[in-house]
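Novice: Sequence:
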Amino acid sequence: MRNLTLKHFKTVQAITKCGKIVSAAKMLGLSPPALTIQLRQVEEEFQLALFDRTSDGMRPTAAGRAFVETAQVIEEHLGLLEDKMDAIKGVRTGSLRLGVVSTAKYFAPRLMAAFMKDHPDIDMRLAIGNRAQTIDNLRNHDIDIALMGRPAKEVPVRASVFGDHPLVIIAPPDHPLVAARDISN
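In numbering that gives the first Met the number 0, the protein residues as written are 0 to 184.
No false leads were slipped in.
Straight line, CA to CA, 20 Å or less: simulated PhoX-like cross-link-like pairs of lysine-lysine:
(1) Lys9 x Lys25
(2) Lys25 x Lys6
(3) Lys6 x Lys19
The calculated label-pair distances, taken between Cβ atoms and stated as ranges, are:
(4) Glu68 x Ala126: 19 to 25 Å
(5) Gly89 x Ala112: 21 to 27 Å
(6) Lys104 x Gly78: 24 to 30 Å
(7) Lys104 x Met26: 28 to 34 Å
(8) Ser54 x Glu75: 30 to 36 Å
(9) Met26 x Glu75: 18 to 24 Å
(10) Ile144 x Leu176: 35 to 41 Å
(11) Glu68 x His118: 29 to 35 Å
Hints in this document: simulated from the structure, not taken from any laboratory.
Just so you know, even glycine gets a beta-carbon here, dropped at the ideal spot from N, CA and C.
Produce the complete structure using the sequences and hints provided.
Specialist: So, in structure tokens, the structure goes:
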């Protein structure tokens, strides 16, 4: 395993995402033979096939899925390392991709506006989706952070509560429950 590089991890991730070596090579800006060589090196390193080769593409085996999961964890840790180094250097530029669940789309723009006022050199992007889409975006590193009601259990995350978000009942003014003090009975 000493011979693995980040390029090997990116190769396997790209093949998994694209399903074909030609598409993965195009995505990475490499030639298909170069990707094939890198994949062969990884498979030889572990003496396991990472993909089932089929007529309609390549599907990851159990070993391939385990490899990609580990690659994602490594990518997350490298991102954390980069963030720590940037914080030490005092970097105040870059980009931030925020994912929000549909219910948060109403107050996320206010949060973004406040953040961008304090950090004008950071390019901020917003991705709105349902919970499953937001978790997939986290898993695939399509977003950097997410704003959601409960932390995702499907991917390793660090969550912080930033405020109370009480639910209220809303009814027309003439509804019988409007005058009630306790509607739980």
